[in-house]
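With this note's numbering, the residue at position 429 of the sequence shown is 564, and numbering never jumps.
Hints may be right or wrong, so weigh each one.
What follows is a list of derived Cβ distance ranges for each label pair [what the hints assert, rightly or not]:
hint: 1; residue 1: Phe584; residue 2: Val244; range: 38 to 44 Å
hint: 2; residue 1: Pro180; residue 2: Leu371; range: 46 to 52 Å
hint: 3; residue 1: Cys173; residue 2: Trp421; range: 24 to 30 Å
hint: 4; residue 1: Pro167; residue 2: Asn473; range: 49 to 55 Å
hint: 5; residue 1: Phe584; residue 2: Ser495; range: 38 to 44 Å
hint: 6; residue 1: Ala239; residue 2: Lys545; range: 50 to 56 Å
hint: 7; residue 1: Lys500; residue 2: Phe584; range: 35 to 41 Å
hint: 8; residue 1: Ala558; residue 2: Lys534; range: 34 to 40 Å
hint: 9; residue 1: Glu420; residue 2: Leu371; range: 51 to 57 Å
hint: 10; residue 1: Gly587; residue 2: Pro167; range: 54 to 60 Å
hint: 11; residue 1: Thr389; residue 2: Val244; range: 24 to 30 Å
hint: 12; residue 1: Trp421; residue 2: Asn320; range: 25 to 31 Å
Since the hints were derived computationally from the structure, they do not count as laboratory data.
In this text the structure is predicted, and so the values were computed from the model without any measurement.
Positions of the beta carbon are idealized from the N, C-alpha and C atoms, including for glycine.
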Amino acid sequence: MEFEAVIGLEVHAQLTTKSKMFCSCSTEFGKPPNTNICPVCTGQPGVLPVINKRAVEYALRLALALGCKINLTSIMARKNYFYPDLPKGYQISQYELPIAEGGAIEIEVNGKKKKIGLVRIHMEEDAGKLVHDEHKPVSYVDFNRAGVPLLEIVSKPEISSPEEAVAYLKTLRRIVRYLGICDGNMEEGSLRCDANVSVRPRGSEKLGTKVELKNMNSFKHVEKALAYEIKRQIGLLLEGKEVVQETRLYDEATQTTHPMRGKEEAHDYCYFPDPDLIEIKVPEEWIEQITRQLPELPSQKKERFLREYSLTEKEVEILIEEKDFADFFENTVRVYGNAKPVANFLLTEVLRYLNRDHKSIGETKLTPELIAELLTLVDKGIISITIAKQQVFPEVYEKGVSPKKLVEEKGLVQESSEDKLLAVCKEVLEENPKEVEKYKAGKKGLLGFFVGQVMKKTKGKANPKVVNQLFQKLLEE
Numbered sequence: 136m137e138f139e140a141v142i143g144l145e146v147h148a149q150l151t152t153k154s155k156m157f158c159s160c161s162t163e164f165g166k167p168p169n170t171n172i173c174p175v176c177t178g179q180p181g182v183l184p185v186i187n188k189r190a191v192e193y194a195l196r197l198a199l200a201l202g203c204k205i206n207l208t209s210i211m212a213r214k215n216y217f218y219p220d221l222p223k224g225y226q227i228s229q230y231e232l233p234i235a236e237g238g239a240i241e242i243e244v245n246g247k248k249k250k251i252g253l254v255r256i257h258m259e260e261d262a263g264k265l266v267h268d269e270h271k272p273v274s275y276v277d278f279n280r281a282g283v284p285l286l287e288i289v290s291k292p293e294i295s296s297p298e299e300a301v302a303y304l305k306t307l308r309r310i311v312r313y314l315g316i317c318d319g320n321m322e323e324g325s326l327r328c329d330a331n332v333s334v335r336p337r338g339s340e341k342l343g344t345k346v347e348l349k350n351m352n353s354f355k356h357v358e359k360a361l362a363y364e365i366k367r368q369i370g371l372l373l374e375g376k377e378v379v380q381e382t383r384l385y386d387e388a389t390q391t392t393h394p395m396r397g398k399e400e401a402h403d404y405c406y407f408p409d410p411d412l413i414e415i416k417v418p419e420e421w422i423e424q425i426t427r428q429l430p431e432l433p434s435q436k437k438e439r440f441l442r443e444y445s446l447t448e449k450e451v452e453i454l455i456e457e458k459d460f461a462d463f464f465e466n467t468v469r470v471y472g473n474a475k476p477v478a479n480f481l482l483t484e485v486l487r488y489l490n491r492d493h494k495s496i497g498e499t500k501l502t503p504e505l506i507a508e509l510l511t512l513v514d515k516g517i518i519s520i521t522i523a524k525q526q527v528f529p530e531v532y533e534k535g536v537s538p539k540k541l542v543e544e545k546g547l548v549q550e551s552s553e554d555k556l557l558a559v560c561k562e563v564l565e566e567n568p569k570e571v572e573k574y575k576a577g578k579k580g581l582l583g584f585f586v587g588q589v590m591k592k593t594k595g596k597a598n599p600k601v602v603n604q605l606f607q608k609l610l611e612e
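Using the sequences provided together with the hints, build the complete structure.
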């Protein structure tokens, strides 16, 4: 019997507001334990929460970007459950009336596009964090994260494979980063994912028993956890056993899942409207204002780049991954005038350095003007592309200095004199008689070898175009 997977994702996006959801405590990551706390976020008796308007604005931004229906009135509710890092004994969330419903996220896997529908987007506060001692049977509680604003984005069970789930997550991550509402850092927990997964006979309308997966903090973990869980459930069904509804954890070391607890239903949380918080009323004028302020979204930018710059789809995908990188590309093109060389240089040299240093383009000393100046020096034949990459760009990247000034100071101007280069070319041919014979016998690809030898002897200063022409003439003679 063939089986198919049915997957729904619940993604928690931690918002980049400066203060928490219901108090003025800082949301800054990495502070010493229990320093970003107050009586409100630690649930002391008699305190009153006050909702963070910026968090509501961020929720509206995402809802509008994903085509959701905005509920002009929404309610904060108490979700009751006990956990050591939940100081109040309940979490303030939304249940019956969330901030937004519906909408969709379009993904692309292996060239095929698919829309994944959304159930809802709702606002809530984060819990604290348990830190387990590796040497003693104790755990410590850090409440710094307690009360940090979250958006929970709940998809419909319309995801059919681990690959689709990863594509969905990557697309959503890119959107929240473009909107400036979440940094998307999965390692720090600011974007977290729970998955509900079940399997059923292919073509069946009836859903199987779902299992919730937790503890997945990377795209790789999501893909591996889902792949394992799908395989596990199919194995149980083939053996005639039942799949138990439960919550399971993903174990990175063994790349398996194991039981954590029985899966709760909504009624287990005893939701009721929070009596300390009034209804959230969203004026239509505010929605219109936020709509006007929405940035160009990644999918829109991709279509425009493909249309305007004659680049490949793969090049565009990489260029638009980060908003500041895409903006840097466009600003460089405006200064330089030609998109293809800019894209080539950014996607090779610049990206290599950024990946090496784990930096964004905005964290460097590079500017569009510096890249345009460097490429112009190559175009005019003042330096070779090899000199540009190996001797000029590293210093431009590190110090933010003018490429033109650097070339003048270091004497890196390209040698294009035929008379001077002719002697070097003849020297290379005399030193490599066997290669000359092979070239004459038909191995024309050795021309690149000869040119490379000249470049070595001139420390990259020789004009490769002139050298190429000289070799063709000498080898014909």
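Against the structure, the hints:
1. Look at Phe584 against Val244: about 43 Å separates their beta carbons, and that is inside 38 to 44 Å.
2. Range check, Pro180 to Leu371: Cβ separation about 48 Å, and the 46 to 52 Å hint holds.
3. For the hinted restraint 24 to 30 Å between Cys173 and Trp421, the CB-CB distance of approximately 28 Å keeps it satisfied.
4. Between Pro167 and Asn473, the C-beta spacing of about 51 Å keeps the proposed range 49 to 55 Å intact.
5. Between Phe584 and Ser495 the C-beta distance comes to about 39 Å, which sits within the given range of 38 to 44 Å.
6. The hint said 50 to 56 Å for the Cβ distance between Ala239 and Lys545, and at roughly 55 Å that hint holds.
7. Take Lys500 and Phe584: their Cβ atoms lie about 37 Å apart, and the range 35 to 41 Å holds.
8. In this structure, Ala558 and Lys534 meet the distance hint of 34 to 40 Å, their C-beta atoms being roughly 36 Å apart.
9. A C-beta distance of roughly 54 Å is found between Glu420 and Leu371, which places it inside the suggested range of 51 to 57 Å.
10. Roughly 56 Å separates the CB atoms of Gly587 and Pro167, a value that falls within the hinted 54 to 60 Å.
11. Taken as a hint, the range 24 to 30 Å holds for the pair Thr389 and Val244, whose Cβ atoms sit roughly 27 Å apart.
12. Roughly 29 Å separates the CB atoms of Trp421 and Asn320, a value that falls within the hinted 25 to 31 Å.
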